[in-house]
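There are 4 protein chains.
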Amino acid sequence: MSKPFAIRPIKQTDFAGWLPLWDGYNTFYGRTGPTALPAEITQTTWRRFFDAYEPVHALVAESDGKLLGLAHYLFHRSTIQLEPSCYLQDLFTDQAARGMGVGRALIEATYHAAAQAGCQRVYWQTHETNATAMQLYDKVAQKSGFVVYRKLLAG
Amino acid sequence: MSKPFAIRPIKQTDFAGWLPLWDGYNTFYGRTGPTALPAEITQTTWRRFFDAYEPVHALVAESDGKLLGLAHYLFHRSTIQLEPSCYLQDLFTDQAARGMGVGRALIEATYHAAAQAGCQRVYWQTHETNATAMQLYDKVAQKSGFVVYRKLLAG
Amino acid sequence: MSKPFAIRPIKQTDFAGWLPLWDGYNTFYGRTGPTALPAEITQTTWRRFFDAYEPVHALVAESDGKLLGLAHYLFHRSTIQLEPSCYLQDLFTDQAARGMGVGRALIEATYHAAAQAGCQRVYWQTHETNATAMQLYDKVAQKSGFVVYRKLLAG
Amino acid sequence: MSKPFAIRPIKQTDFAGWLPLWDGYNTFYGRTGPTALPAEITQTTWRRFFDAYEPVHALVAESDGKLLGLAHYLFHRSTIQLEPSCYLQDLFTDQAARGMGVGRALIEATYHAAAQAGCQRVYWQTHETNATAMQLYDKVAQKSGFVVYRKLLAG
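Chains as they are written, first to last, in UniProt numbering: chain A, 1 to 155; chain B, 1 to 155; chain C, 1 to 155; chain D, 1 to 155.
FYI, nobody ran anything at the bench for these hints, they're computed from the structure. Owing to the predicted nature of the structure, the values given are computational and were not obtained by experimental measurement. Don't be surprised by glycine CBs; every beta carbon is placed ideally from N, CA and C. Hints may be right or wrong, so weigh each one.
[To be verified] BS3-like mimics (lysine-lysine), calculated; alpha carbons at most 30 Å apart, straight line:
#	chain 1	residue 1	chain 2	residue 2
1	A	Lys143	B	Lys143
2	B	Lys3	A	Lys139
3	B	Lys66	B	Lys11
4	A	Lys143	B	Lys139
5	D	Lys11	C	Lys143
6	C	Lys3	C	Lys66
7	B	Lys11	D	Lys11
8	D	Lys143	C	Lys139
9	D	Lys139	D	Lys3
10	D	Lys143	C	Lys143
11	A	Lys11	C	Lys11
[Claimed, not checked] Coverage of chain B stretches by chain A, computed from C-beta distances (three or more under 8 Å per stretch; other residues unrestricted):
#	region
12	26-40
13	50-57
14	77-89
15	127-133
16	142-154
[What the hints assert, rightly or not] Cβ-to-Cβ under 10 Å is the rule here; a few derived chain C residues that face chain A:
#	residue
17	Trp22
18	Phe50
19	Tyr53
20	Glu54
21	Glu83
22	Ala105
23	Ala109
24	Gln116
Work out the full structure: start from the sequences and follow the hints.
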């Protein structure tokens with residue numbers, strides 16, 4: 001049986017609970033050890049969640065005072081909409097809390113927040129090999145058929 | 001033999017030359033006739049190019065006073081970077097000017113603008129069936145392996 | 001005896017009640033008749049209240065389903081703070097609702113919203129001849145001693 | 001006779017020349033010793049000058065490779081304009097370079113940049129007791145008659 005949990009916006013006092021989730025998420029994407037995300041970025045991103053000028057937001061799943069998962073989303077302009085697009089950049093559930101519906105609840109809370117903010121769409125990216133995640137994503141969204149190209153610029 | 005062309009930032013006086021390119025681009029993506037982009041969006045996007053507060057920019061390729069192509073890019077926050085990401089949202093070359101290197105020059109000018117603006121990366125999306133475009137993209141960037149999910153929210 | 005009223009964020013359905021207040025406010029500042037604010041600006045500002053990407057916000061005072069006053073505030077960068085500054089740009093109470101504390105309540109709700117948003121300060125401007133307004137302002141804030149210079153640029 | 005100088009946008013390599021000017025400016029406003037601006041703010045503001053997402057900009061006056069003055073301006077929304085307002089937040093000339101027209105040239109370069117960016121107005125604040133500065137300001141702009149109120153919020 002699953003423990004009940006609640007989704008809510010992040011708070012300044014969540015740092016200690018949020019950091020291990022953020023680290024776990026970054027580790028999953030290979031940002032660990034020598035390629036770890038610099039502490040300055042973690043600090044800046046954290047500050048942006050609480051900066052009224054920055055359209056960067058975070059939700060957390062909480063149960064019994066413990067954080068089980070995170071979702072970070074941000075708004076940005078689009079040339080084909082009056083309203084901003086909502087990009088769900090990060091989604092992570094603690095290993096011990098998998099299978100309880102935490103990820104799905106975080107996605108749906110992001111939908112709700114984006115709709116409240118007047119957005120018409122939420123999008124995210126996942127790696128084409130991430131079959132586990134896609135099992136969930138195929139239930140709550142559409143695979144767009146679009147793939148991402150990127151270019152790293154010389155410093 | 002190819003005509004020479006130049007890439008430069010868009011100007012207020014380019015509207016009449018830009019609009020057919022923008023319409024051609026939207027038509028390519030099926031936004032035509034009953035599903036055409038509302039004029040209000042075109043007007044708003046155009047204004048945003050010249051709004052110092054909006055991180056939305058446009059480049060055009062010009063030859064003999066005629067516009068041959070467009071690139072629209074915008075900056076947005078990222079949770080894993082101090083610097084903004086640069087999203088190349090729209091790229092289009094007039095049918096009559098294909099094969100001259102206009103698309104490639106627009107992409108490279110976007111790289112240059114993004115680097116000048118302190119960005120570490122430029123990214124864009126293309127449909128997985130767009131083999132023609134990918135011939136070029138594979139030469140100037142990396143296919144990231146990421147695919148895009150999206151959810152349209154109820155109005 | 002004063003009617004009770006409540007302060008709350010503006011909603012999409014408030015347009016008809018907000019517009020006369022906005023018009024009254026603009027008239028007070030001489031933006032009426034030939035110098036009236038263009039309708040396009042009113043429309044754009046209204047839309048910005050509900051655009052998650054724009055740091056422009058509105059509060060209204062409501063009593064018995066009728067809007068009595070408005071406050072518009074926005075966040076912007078400052079070179080001497082990590083956090084954004086909060087600029088209370090517009091404040092207006094309907095003539096018929098003066099003396100009930102509506103203006104003061106709107107200012108205090110702006111303080112609350114700014115503090116929630118992590119701001120350290122709220123500021124606004126008033127004309128040096130507006131003695132009536134300053135009676136209130138001197139109670140709820142400090143006259144900074146700073147005066148405003150401006151330059152209108154040639155179109 | 002005055003040395004010639006040039007006004008130009010700030011560059012990453014200007015830090016060592018800009019910092020003493022910034023310190024001099026802050027000292028003038030009493031931000032020194034125990035009330036000095038935290039180094040983190042200086043660092044963040046410096047980074048914002050080069051962040052394409054932040055509408056915060058800097059100009060410097062240079063002569064013989066030495067920086068003589070600075071102007072920091074930023075764009076922010078306004079409820080009564082489609083275009084952003086341009087706020088000239090900081091202006092400073094090195095003591096040794098006073099009387100050469102550096103301040104005036106920095107203001108005029110800000111006008112030019114704001115006009116290029118589509119703005120209709122530039123504004124700034126000065127203390128009502130700063131008679132020296134106002135001698136210049138009265139020549140290049142209009143005293144608006146508006147005074148600034150502010151409220152410091154409890155941390």
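Next on the checklist: Hint by hint, where does the structure go against what was stated? Just the numbers, ascending.
Outcome noted: Structure breaks hints 2, 5, 17, 22 and 23.
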